[in-house]
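Number of protein chains: 2
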Amino acid sequence: MKKVAAIIGGGVIGAGWLARFLLNGWDVRVFDPDPEAERKVDEVLLNAKRALPMLYDFALPKEGNLYFCSTIKETVEEALWIQESVPERLDIKQTTLSEIQIYCKKTAVIGSSTSGFMPSQLQENSSFPDQIMVCHPFNPVYLLPLVEVVPGNQTSDEHFGSAKMLLQEVGFFPLHVRKEIDAHIADRFLEAVWREALWLIKDGIATTEEIDNAIRYGFGLRWAQMGLFETYRVAGGEGGMAHFIEQFGPCLKWPWTKLMDVPELTKELIHDIADQSDSQSGKYSIRELERIRDDNLIVILRALKQQNQAAGKIVNSHEEKIINLADIAPKMRTVSRKVPVDWTDYNGHMNEGRYGQVYSDAADGFLWAVGADKAYVASGYSYFTVETSVKFLTETHAGEDIIVDTTVKLIDGKKLKLFHSMQRVEDGCILSTCEQFLLHIDMEKRTSSLPVSPVAENLQNLSRKI
Amino acid sequence: MKKVAAIIGGGVIGAGWLARFLLNGWDVRVFDPDPEAERKVDEVLLNAKRALPMLYDFALPKEGNLYFCSTIKETVEEALWIQESVPERLDIKQTTLSEIQIYCKKTAVIGSSTSGFMPSQLQENSSFPDQIMVCHPFNPVYLLPLVEVVPGNQTSDEHFGSAKMLLQEVGFFPLHVRKEIDAHIADRFLEAVWREALWLIKDGIATTEEIDNAIRYGFGLRWAQMGLFETYRVAGGEGGMAHFIEQFGPCLKWPWTKLMDVPELTKELIHDIADQSDSQSGKYSIRELERIRDDNLIVILRALKQQNQAAGKIVNSHEEKIINLADIAPKMRTVSRKVPVDWTDYNGHMNEGRYGQVYSDAADGFLWAVGADKAYVASGYSYFTVETSVKFLTETHAGEDIIVDTTVKLIDGKKLKLFHSMQRVEDGCILSTCEQFLLHIDMEKRTSSLPVSPVAENLQNLSRKI
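Residue numbers (the working numbering), protein chains in the order written: chain A, 3 to 468; chain B, 3 to 468.
In short, the hints are calculated from the structure, not lab data.
For clarity, every value in this text was computed on a predicted model and none was experimentally measured.
A portion of the hints provided could be inaccurate.
Unchecked claim - A few chain A residues facing chain B, derived, Cβ under 8 Å: (1) R52; (2) E198; (3) K204.
Said to hold, decoys possible - Which stretches of chain B does chain A cover? Using the computed rule of at least three CB atoms under 8 Å from a CB of chain A, they are: (4) 34 to 41; (5) 146 to 152; (6) 204 to 217; (7) 220 to 228; (8) 289 to 295; (9) 323 to 333; (10) 397 to 407.
What the hints assert, rightly or not - In the BS3-like style, the derived pairs of lysine-lysine whose C-alpha atoms are separated by at most 25 Å in a straight line are: (11) B:K285 to A:K42; (12) B:K5 to A:K323; (13) A:K269 to A:K181.
Heads up, the beta-carbon is just placed ideally off N, CA and C, and yes, glycines get one too.
For reference, chain A alone in the conformation it holds in the complex (with noise of 0.2 Å):
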């Protein structure tokens, strides 16, 4: 018998939940008034088919089965798990509620997505408010781990306990807030960069862009893996973290930003906020803390790098103009690099994939050197690996510095095979080596052809040379 989750309200947040519940084997029933709900839910639900299991490197469980219902009572019969997402008016949730609440077994969460209203607003004139809680969710809902679970005075222990088990089984992260407040926490975040990004552009100062790109290519990156105080004890160094707010208070007397009710920092204050931070970072020295963030930032922005988007498209427009193309010879110098944190395994070495993408990148050194580079590609040619051997003669580990000679084997019309030898610069020893046969295709039909000029020149000139 599988887990029954129901959606009230299918719209991007509703549709969200009902992906991660669906996608990780439950079975969903779901709500929505709208005669445009099927389409919409199902546009949602396609982004997440394809992106959700994309996260994993095993299958998720065999997805459950969906169900349109025509009333609430069909819809949460059953649920172990009913979500709220009807649009953010009190009036519209609290009496959506009552109706579920007619119909629901006593022992479902019932979660609310608000973003603004507090759990006991919710629970007000509710027969049964032990059961209704407020579990705020993140756009897309399918993606994002994080849900603010806030229980109100009347939630009872069991079903908070239950729901935070619940969330983590599909795959959240729930934040206990522990206290009831207008939009929680990262909702009032939001709402002060938003007020403060409105003035910037109001008064001229910058663009939606100019505001985009000061946060992506900064400390948004900073936010993707420590958040705030985290990135701050950092950045306080062995000072820690209440010399780095001493340092920084006097800030808060000036006018920056326009938003301008400001606590005082007193002394408490401070100590509350190093204590804190102590108890949430201490495990850590700075050196050590630097050393995450930094392997954090490397792999974001690499990762970014490998789908030229954001931050990742400045490193790729910095790194073309560093790469040096090698002179055409029978043995070229076709990779020179460092081994990045991120091809580390668990046997704390490089992975035996890793190598075979120097080798594939070993592949690319040569052959954008004979003319097969991305105009070649773009023009409808390119070669694919259809064969390689690979030796792994001793370890190789992140910081290394590492080269690959490669050594044409041959060339005969649309095959080609390189013999590919990696090395440790420190030391000149040998890493591995590589046989790899590729083919030359046709990209437009994706079969096997003759090279074109300049690549059938540049190879007939290098054959007499082998």
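We have chain A; now place chain B onto it with these hints.
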């Protein structure tokens, strides 16, 4: 002749600038009267030398030479770029700039790292204000691409143009801040968030750790790649940006955040934002933006997953619950997954290195089943791959579901030979095969050794069946 950068002030920020220039092949001359300066600079430089080259898939230019100088004169005389990062007091900055300008070339760019002062304040009393501007970077300066470039009233177009060009040359993204304003752009947001965070802690709503988690598991991931407005453009859906703003407009009148001076949401302001957003992102449909956003989130989350850090840790702990170990048999299903977007290369298909990763995962699937799992590795034993031969039979693409079946070919003491066959689920097409030779390893000695319990027994039983 190498280009020369002068670094005035060698704290965390100054040393970060220094590292950027040095690792991009510039000679760097640094002045800091602090007797500890050399040690402090070296610490930052050590981090930078480890981290910055890891961003790239090619070696950076040959490192420049670093000189610690005892006077401003010898630091700046030959410099093309002079970066001032002295303490954040206007009188100190002005005095330092005056001394720099006695000795430096008139063609040099003088950038100030000030986070709060406006360039016109720095230019007061200067005889050559044309070369002075704010160039405000973000920590860690050697990794984050953003520099806010703020010219003052008297900054010349020539110097401003040089600044942008030279910043790009060392990998920065120069963001032109078109109007002088206290704290430029990014720090206004940081200050707004900081003020809100102080309220939340003062009022006992959340701890530093809860605030960090509210950021890094939610909107921090969005801001690392899209920023504020493009994210909201996607959230607004087909209704577009104006619709989104009108919908969320009422929040401005609610007491969310204690930071209460709020601009009026006039038709003009809504119109300006919608227009700017169109010119920023209008080339993409909402569907395309959703796809870009999701792909970016997937690769960031996967990068953090590989590090087992931040949101990646959440994904890993969820993944542990969905792993099904294969039963021990001569042929086992060792991989079952979807090909993620970050595995695609410029040929539009899965890169050969990622086949290697799949076969590494297949070996893990086999090894975990026979007991060579994380606990076994922690106890000091593992298997290392020493040779692979891969045949690439047909193209594989992002989004495809793939499986690998693994057949045991040889179990002989410390030797293990596996044969993997990779299949597309949709049509059963064999995509690739791999022969893989592994050796059992004593992890302390890093040499081959015989397997121990329970792996030895499991393999012995298995060897009877093949």
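Which of the numbered hints are not met once you compare them with the structure shown?
Hint 4 is the one this structure does not satisfy, whereas the remaining hints hold.
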